[in-house]
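A.B. asks: What follows is the residue order along each chain.
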Amino acid sequence: MTDRALDNAPARPGHLAALKAIPPLVWVAILWLAAVLFVAIFADLVAPYSYTAPNLRNRLVAPGHALHWLGTDELGRDVLSRLIVSIRISLLIAFGATVISACFGTALGFLAAYFRGLVEQAVLMLADFQASMPFLILALAVLAFFGSSLVLLVGLMGLFGWERYARIARGLAISAGAQGYASAVTQLGAPPTQVYLRHILPNIASTLIVSMTLVFPEVILLESGLSFLGLGVQPPMTSLGNMVGFGREYITRAPWIMLAPASVIVLTTLSVSLLGDWLRDRLDPTLQ
Amino acid sequence: MIPSLVEAKGLARSYAQRRGLFGRSVAVRAVDGVSLRVSAGETLGIVGESGSGKSTLGRMVLGLEAPDEGAVRFDGADMPKFGTVEWRRARARMQMIFQDPLGALDRRLAILDQVREPLDIHRRHEPAERTDKALAMLARVGLSRHLAARYPHELSGGQRQRVVLARALMTEPALLVCDEPVSALDVSIQAQVVNLLVDLQEEMRLAMLFISHDLRVVRQVSRRVAVMYLGRFVEEGDADDLFADPRHPYTQALVSAAPTPGARQKRITLTGEPPNPAERPSGCAFHPRCPLATSRCRAEAPAMRTVEGGRRVACHLAEDPAHLARKAA
Amino acid sequence: MARFVTLRLLRAALTIALVVTFAFIVLRMSGDPAQIILGPEADPEAIRAFRKSWGLDAPLWQQYFQYFGAIAQGELGRSMRDGRAAIELVAERIPATLALTLPALFLKLAIGIPAGIFAALNRGRFADRAIMLLSVAGFTVPSFVLGLVLVLVFAVQLGWLPSGGQDSWRHAILPILTLGIGGAAVLARFTRSAMLEVLGQPYIRTASAKGVPWRLVVTGHALPNAAIPTVTIVGFMVGSLIAGAVVVESVFSWPGVGRLLVVAVSNRDLAVVQCILLLVAATMVASNLIVDFLYGFLDPRLRHAGGKAGV
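From first to last, the protein sequence lines stand for chains A, B and C.
Following our numbering, the numbering of the first sequence begins with 1 at its first residue and continues without gaps.
Following our numbering, the numbering of the second sequence begins with 1001 at its first residue and continues without gaps.
Following our numbering, the numbering of the third sequence begins with 2001 at its first residue and continues without gaps.
Quick caveat, the hints were computed from the structure, so don't treat them as lab data.
Here a beta-carbon is modelled for each residue, glycine too, at the ideal position from N, C-alpha and C.
Don't take every hint at face value.
[Claimed, not checked] Pair ranges (Cβ atoms, derived): (1) A/Arg-59 - C/Trp-2160: 25 to 33 Å; (2) B/Lys-1081 - A/Leu-197: 21 to 29 Å; (3) C/Ala-2013 - B/Thr-1269: 55 to 63 Å; (4) A/Ala-131 - B/Lys-1133: 44 to 52 Å.
Please model the entire structure based on the sequences and the hints provided.
C.D. replies: Okay, structure coming up:
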């Protein structure tokens, strides 16, 4: 009765087929990230010692020791335990910051797309400003004025990369509104909140998620950089960058203190980047 | 006379167009003084080439765009301002069908949810009932139940347009504006969708504004037809009359270009540049392409006047039908 | 063209104004400057005098304009630590930083651009994949890790080069390498994607279909067009000549602007931090301006597009 016979819409590749197409390197990246995530979540159960417990008899023990697989630091604290707690804190900060900046940026992008005019110009100007200033310098300036605290650190890094989400969200929302489903739904009488949250957001979510995987490694690098400089996470709390920073002083006598967190940073950012690149190529080739 | 549901008076809309880095912005009049009225159960067809301003006209009639001049009255009241709560509430009574049904549907929502959405937005019926209503409407536009859980990209073009239609009709609107509703579809499917539109219009006593560049489709749907050229109506009248005996040279050219079974007419080919609203010719806008243009046409814009049989024409030569017929032959 | 230049200059001025506003807001939000500068045990009388002399008793908007005025006259405050003018302290560190960042910039260009072009021309082949993998690795390795690994290998293990300090040219090698490798990775990636974008354009295919030799297609059509987006990223690198070595200078104890900034931040030496912030903003804005004008020069379309920036 209908024109079903003419149904020739191309079928989407199934999810199973997509799984098979994952290259081995990306698989490795996914496995590594899963392991890191597991360690971060169950840090308390996995860590063999308390990360602050000193053991003055076993100072600067080399890796491979029966009690301390990754050795100990200058105070005899277990490097593995410190590493595990550092992973948790660094990931927590990076996740928190990425989520904050994605929400903040998307919201500003939507506001720009909805109001246009002055609001849009203001958002674009701020985005240009943010993109043209090295973020590390801005962050250092804020830390100089306020001193470092965990909340400030997460909030500060939550400002990192917002301009990318804002530009993407604005561009996609405007094109959705100019023609197509968004204007169709507006035309049905839906209030703007519903148009943006129920319709536009799910439609651009994949692009935003890809951008998040591209920003995430940069956030980890930023946090570890600040902590390395001694201006990020403050002792007794520890983070990956913080461990490298303090381990640097023992680079000649005990390079493992610094190498362990350094390799976790590199492997993690590398994995997220590989995953992000692959996701971008698969889901959204329009992103640069 | 039946009171009209929608009445538009002297609608005009300009867009600013900027040329080059130093160019001043030029106001382009997309629609230039158009008046129309549509009653319940009646269809007004609007024919014109691309760039004639017919889509802008449709959007103004729906209140999606505010006219620079003139006003739209719907059911005796002024059209509320775009985006206000009253405007949103009024959406339940007037709906639009788009040219590109795939673009008009949300790729990420199942068909059923999208058809149900107008009821959710306007809080009609109990939430539990809305799904049943949506399924019933899908059946009414000829879509079987098993398509309800599908997504837009899994449907054919014709099916998608039926979904758009079902969604538009959920709140039982009084006015439907169709902007090129079938021109993106295969010819074989166009007829099905057009027939469905005509049936539903009769059943629901819809007032309809049917915009298309395709004469045959407009003729099939509309009782009355208006021909638009560069933002103005140039001829308006009863559909059968108008197509059988076009008075405006532009309408004549359009009609002669469309094959009509039975009638054997001499084909008039339009010459010259297609209309560009940014460079509107002086006098009658059609004169550079008109085979009959006189010096008067170049200098003076013709006013719309009523000739016999309720036909309205904006052409200096149409005042003297005999003269026109002689020249055309 | 006049309109284009005016628009750009206006935007540059606006960016500087934004940075100054940012500094002002942050400075005022962080607490009472009198208290911070004079210390918590300061005599109330001294604090009042300080406030008066710095105009801190005036309404906030007046302070805001005074702040602008002071900066316009080059009054950037004095270092809390030794009382010297902040701008002097910063200025004497600039040569040391440039001694690292200029050679590093050269290294980035010399490695990054050819690698990117080569990868693009061999798209999908082994060379491309290898370069891209190296490039991803290059910018996911943080500069402090790269620097420390270089120290570990060349200073600690092999003993060829010093691990830190600024006594001879040999001290500069490892920091320059650290900066250069990371930047080259970013640049290679960027150049490759710009090249690929251009190589996919119809005019390239037309040119090669017409029988123009491939070498000429690449040098005559592809490279000039791919240069346009690449200029942006190079501009950013030029803009960060002053501040791009914060981490690396710390790793190698190199007494440049970056090291000064880190020390100033840990000591909360606000005048110095503010001075560096403004200096960085000025360099960044200046290099952005140059990039914008270069763009106008390289891409005639932009000259006629109403000065709109691409999204």
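A.B. asks: Hint by hint, note whether the structure agrees.
C.D. replies: Against the structure, the hints come out as follows:
In this structure the supplied range 25 to 33 Å holds for A/Arg-59 paired with C/Trp-2160, their Cβ-Cβ distance being about 30 Å. Roughly 23 Å separates the CB atoms of B/Lys-1081 and A/Leu-197, a value that falls within the hinted 21 to 29 Å. Between C/Ala-2013 and B/Thr-1269 the Cβ separation comes to about 59 Å, which falls inside the hinted range of 55 to 63 Å. Checked against the given bound of 44 to 52 Å, the beta carbons of A/Ala-131 and B/Lys-1133, roughly 49 Å apart, stay inside it.
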